[in-house]
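**Q** Okay, here's what each chain looks like letter by letter:
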Amino acid sequence: MRNSPQTTCADVPSVTASLLEKLRARRPRIHCVTNTVAQNFTANVLLAMGCVPSMTLSREEIGDFIAGSEGLLINLGTLDPERREAITIAIQIAADHKMPWVLDPVFVDRSAPRAAFVRELVSRAPNVVRLNHAEFTALADHAPSYDTVKAYASKHRTIIGLSGETDLVTDGERVMNVANGHPLMTKVTAVGCASSALVAACLAVESDAWRATAAALVILGIAGETAAATAAGPGSFAVSLIDVLYQLDAATVIKQTRVS
Amino acid sequence: MRNSPQTTCADVPSVTASLLEKLRARRPRIHCVTNTVAQNFTANVLLAMGCVPSMTLSREEIGDFIAGSEGLLINLGTLDPERREAITIAIQIAADHKMPWVLDPVFVDRSAPRAAFVRELVSRAPNVVRLNHAEFTALADHAPSYDTVKAYASKHRTIIGLSGETDLVTDGERVMNVANGHPLMTKVTAVGCASSALVAACLAVESDAWRATAAALVILGIAGETAAATAAGPGSFAVSLIDVLYQLDAATVIKQTRVS
Amino acid sequence: MRNSPQTTCADVPSVTASLLEKLRARRPRIHCVTNTVAQNFTANVLLAMGCVPSMTLSREEIGDFIAGSEGLLINLGTLDPERREAITIAIQIAADHKMPWVLDPVFVDRSAPRAAFVRELVSRAPNVVRLNHAEFTALADHAPSYDTVKAYASKHRTIIGLSGETDLVTDGERVMNVANGHPLMTKVTAVGCASSALVAACLAVESDAWRATAAALVILGIAGETAAATAAGPGSFAVSLIDVLYQLDAATVIKQTRVS
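Those protein sequences? They're chains A, B and C, same order as listed.
Residue numbering for the first sequence is -18 to 241, as defined by the numbering used here.
Residue numbering for the second sequence is -18 to 241, as defined by the numbering used here.
Residue numbering for the third sequence is -18 to 241, as defined by the numbering used here.
I should point out that these hints are in silico values taken from the structure, not numbers from a laboratory.
Accuracy of the hints is not assured; some may be wrong.
Stated by the list, open to error - In silico lysine-lysine, BS3-like type, Cα no more than 25 Å apart, as pairs:
1. C:Lys136 - C:Lys79
2. B:Lys3 - C:Lys168
3. A:Lys168 - C:Lys136
Turn these sequences into a full structure, and let the hints guide you.
**A** Now the structure itself:
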């Protein structure tokens, strides 16, 4: 994929750096309906960024938790009936509170009932859908290209954050390529899930969802590159990724952002 | 908060050191009804201390598991209907076996149904309630002070282990301040949950619940200080915390305990 | 336990090394019905070995997930009604697809309903049962010895992978002792669970289940020894175990395999 003429990327480093500082200062509460594999790592990523994560699913409580939050993640993961019900309730509450939410359709390429459920969720207007190439292909019935991803974002009036060797972020008009990142990020479970949680956190402090999505992927990508520089494998990489996110500052973000 | 005249702290270092050695020697089985975010870290903390953790929730099995254990943790965490039922059964079995149990009312400040459920649990006589300032405030309808915490402990005939910059442990009469600890402990998910599990472990080998609670908080606090000394952030801190707990010996406990 | 005359072990190092390379090359999808304590670590072990893990349990989806996989792990862990149903469905689908599956009867020694359920599962012909001494004793009504383990494997026409100071792998005829491993492996939660997942992965690329089981235990044992050499405790050991599995190569396997 090549760059698109509409892209305006010059201010991404400073926007992202400023957003990082807003996260540290405001410490938004982020409620995550996510899978049990990813919960612990996702919570630690959010804590490292200064956010306050919560993960409760029960139908009696999820309303209070979301009402007290500033961002919402919906990640399918181990999609069981309880999560399915929690997701339906959560999205309604987010809509009632005009709260931004992110959809992460994990493994939508692996099961037909899941694909049907995800299509229903997309119709309920997530601010952002973050997914990988296989998931996009299953969802859009097309392999990802600039045209198909832009068309999908336009049609569903959402932001697509497509992870890959280069990440692609588009609202259907604007397109950004995020070159930050490292292959070890695909060798640790829940890194993708945590990146969606980070998008939800960025939405809590930045109203332009396209910029918020790009910023989240830039931040995680920079942290991934930095952690990989000293890691001996995916075990130490995952540990270092949390450390680097915790220590990341605006100056480093400005220096290391690579977008086009 | 200042120290209270009733406090007797001179023997805490040696009591805690002795309790650490009892844990290593007796290896108590601790059953944990806890949230899915905290399960893995909690199990590893208990294993590092020489204990044998189990986490099963199913109504058919939880009786056998608790009957074969020496301590019980009830942590609300992601409070779903299955956990709610498991908790009710578990407390009854603990009462039948005269087994000590610890209540960790995670996020009681975040949802009204949870607060109602926690009040019901407190009435069922937990040996210890371990919680943070926001949780105490929601539960007691007062901000924590020496007076309000002591009054709450007295009224409910339990031990309160209140985590904060300085931890406070009281049975309503005796009060202890535990100064051990490090701010990074609040930047890793499940450290609070694991500290409650450690209280349950200490109750298994020490019949004075006030001393057992203080000892658990001292041990975790010392480990937190030691781990923080070399950590690059919350990722490496969490890893090192487990290592330090595993290696902690009586001499170090005696040297590093800071209580008043 | 001493070696048995039937054992043929000379080719184990090269078979295991070759199997490691097959895993890296084929990247099999392994579906894991496992407990929430072990999910994250198990996923990271499989990813480090080049495999693609999935963990979904829901009755609507588990069929699609298993049909798209090449190996299946059934681990009881926190055995709740949802997992119980998922297990029953999963085994039927595996049978329909002639897909190998591994049974890990965690904590079968701790509850009577669990023991009854495990006996039913054993009757449904798992390719391998991996368990520890306490679990074998509860399941077979005998302490493990060469004779009792061989007899159990023969009677149930399965492979037994018995973990202990020395691991024992038998199909009732052939017996192998795996001396690789380290005591720290018992101080980290989910290492046993992850070893069963690794057996499922090896079954996906090696049709001789006895060899596949031995290879999985050799690989994890070598990684454990290597990780323990530099670990400061179970926290850093668990991190390093993932790194070492990721970097493990055929030459190291050939050099370090210790079987008899």
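**Q** Run every hint past the structure and note whether it holds.
**A** Against the structure, the hints:
1. C:Lys136 - C:Lys79: Holds - the C-alpha atoms of Lys79 (chain C) and Lys136 (chain C) are around 21 Å apart, at most 25 Å.
2. B:Lys3 - C:Lys168: holds, 18 Å
3. A:Lys168 - C:Lys136: violated, 40 Å
Of the numbered hints stated above, the single one contradicted by the structure is hint 3.
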